[in-house]
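Undergrad: These protein sequences, in sequence, are chains R and C.
Residue numbering for the first sequence follows the working numbering, beginning at 11 and increasing consecutively.
Residue numbering for the second sequence follows the working numbering, beginning at 823 and increasing consecutively.
Calculated from the structure, these hints are not laboratory results.
Any given hint might turn out to be false.
[Unchecked claim] Here are the simulated lysine to any residue pairs, SDA-like style, with alpha carbons at most 25 Å apart: (1) R:K113 with C:I1171; (2) R:K113 with C:C1164; (3) R:K113 with C:M1166; (4) C:K1170 with R:N207; (5) R:K113 with C:E1165; (6) C:K1177 with R:M201.
Bear in mind that the values here come from a model prediction, so they are computed numbers and not experimental data.
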Amino acid sequence: MFLILILFLAGVSLRVPGYLDNNSVNILKNCSLNLVMGAGMLCVLLVGSIDISVAAVMELSAAIAGVLMRDGHIQSIGMMFVVGTLVGAVIGCVTGLLTSYGKVLPIIVTLGMMYVCRALIPMDFILGMNKIARVDLTDAFKDFILVRFLGIPVIAYITVAVVLLFGIFLKYTRIGRRFYAVGSNPEAARMRGVPVNGTKILAHILCGATAGMAGIMRLAEYNAIEKGACSGMEMFVIAACVLGGVSVMGGYGKMIGVVIGAILIATIDSAIPQLFINATMMSEFFKGILILAAILLNVFLRRWAEKRRKMRGNAR
Amino acid sequence: MKKGKIRDFAWELILLALLLILWIVFEWKDTVRDAVLVALGRKAKNVFSFSKMVSGMQVYMLYSFMALGMALILGMGDIDISVGASATLSAAVMGVLYRTLLSCGMNPGLAFAFAICACLVTGALCGLFNGYLITRFRELFPMIVTLGTMLFYRGLCYLVLGGNTLRFEDDATWAQLKALYNNKVLIGGLNVPTIIFWFLGFAVVFYVFLHKSTAGRRLFAIGENRVAARYSGIRVDRLELAMFVVCGFMAAVSSLFYVGSASATVRADAMTGYEMYAIAVAVLGGFSTGGGKGNILGVVLSVVLFGVLKKGLGTLFGFPDSVINLAVGIVLILSSLLPNLCEMLAAKIRMDRQKKSGKEGAEND
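Could you build all of it, start to finish, from the sequences and the hints given here?
TA: Put into structure tokens, the structure is as follows:
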């Protein structure tokens, strides 16, 4: 997978000289949302579940935090992130409870949650918001996206921190290893004394929390949010995970894979407008084709590796 | 024997009961509102009635065709989230082909027929591609494959339409498709949109196929246990491929009606989110994404239920769209949560009873 990324990057750099110099920061910024959500999505996929409500959760948490900022309850940027993450975590908790104890299929629960979250946003008689616009936000928050440390936007540092945290959590902590156990064989995990339902709920909470965080990041980037603003994001997050070799059946996947997948998608996104002139239509077309091709190529590569392993086994 | 039969239709009965309750509530609200209006000296509006519901039904029927196709896919334990994109693609192909044929100097009627055929064929081809990828690449989940093809078809839409909006201004096509969508037949004093007959026709075909034919039984067998089905001699891949073709075809059918609906313009991002509506309707109709169960009757009922819910909440209570979506979301979650909870409760009661009788038995010994 890493090879594909490098090949792609090399191809693009040949066509557009100086592409990498100008764009590496941009790519990092573009894929930050996908990466943060991808980390949460990885947890959910690992326990054998799926969450297609992340985009709606993003919108909802950004909207709630935005309203609180408009009404003057929050001034600091840090509090915005805390509120957004908490809102996401609560929604994730509900989803987790429904899927684990309620035994409802995750795709149905999250589909329902998607409707519910999207519905809650424009309900001005409950939460007093319709959409969040530029005027609702404080200047400090609006400038937050421009803040750079050592030439790299702070958002990118946050992303890297989240990714590292999740990577270490999944790989080296006991609770993180439980995710793999539950995903690969829930019955066996239960026998070994792993709290299956609790692990599933935790995974959903983490996914919701990252989605809420991503919502705040998006709010900082665009300074506005409304219902349906992020629709389609969930598909790209799942696509990034799948490109990174995460199994949708659960139990298999690495953080580094998700990172590569997300960067690949961001690269495709930013490279195509530079390769072709009439941007929107061609870029949409190639985005679709490339993601599909990358998913299939991934399968081919894995099959090939399997075959070689078998042949080597036979030779012995 | 009879009891078993009733139990087979338990879900449909629940849906029917829900429909009745909603209906009574809305009817009551309507009469109250009219009474207030009359008391204020204004004319009674009578917004919610059977005839009005029927005559306004076409708005809620657009995704019902997709839901029928989706029911087949869900029955097999697969899922197809590319239907919205393939519907848009078929509509786009239809429009562009019609334009091209007209500019080549073809007779409009003939071009129209060609275009409609092309639309249906495109839908079927999209389904074929989905089915091929899914049966060929078993490692990938249907969800992932159709996610990829969804993005791919959307991209194709952008390519075909070139980023413009496709308009069927005052063409013959537009008039005919609009008629297809808007036509109403007067039956016993009721204005029945023809789209209802199309839908019921398709539903009957699907019902017979799914519940009365061998292929339908096989389909459920696949949903129940794919490996067992394969070992019992069902050609799983072939049937699955066929069902995806049917699903794509139904998406194309609903795109025909979509073009006919009032907006009558096709943009490359039209019909996004329709796949979610289709899945929601099918799931509420009793098909689970786990596969192996469901009934077309339930899908028909849930189409009506969605229509009544949207119309009632929207026009009668004056709720904005968002509340309706909230209701849809909650209904969707509850509709799959409640049966599970009932089952768990029943299992618990059974366990308790067994424990009790076991204890009594032990004491007697």
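Undergrad: Take the hints in turn and mark each one as holding or not.
TA: For each hint, the structure was consulted:
1. R:K113 with C:I1171: Given pair R:K113, C:I1171 holds - Cα atoms ~18 Å apart, limit 25 Å.
2. R:K113 with C:C1164: This hinted pair holds, its Cα atoms lying about 12 Å apart.
3. R:K113 with C:M1166: holds (10 Å)
4. C:K1170 with R:N207: holds (18 Å)
5. R:K113 with C:E1165: holds (11 Å)
6. C:K1177 with R:M201: Holds, at roughly 23 Å.
Consistency note: the structure conflicts with none of the earlier hints.
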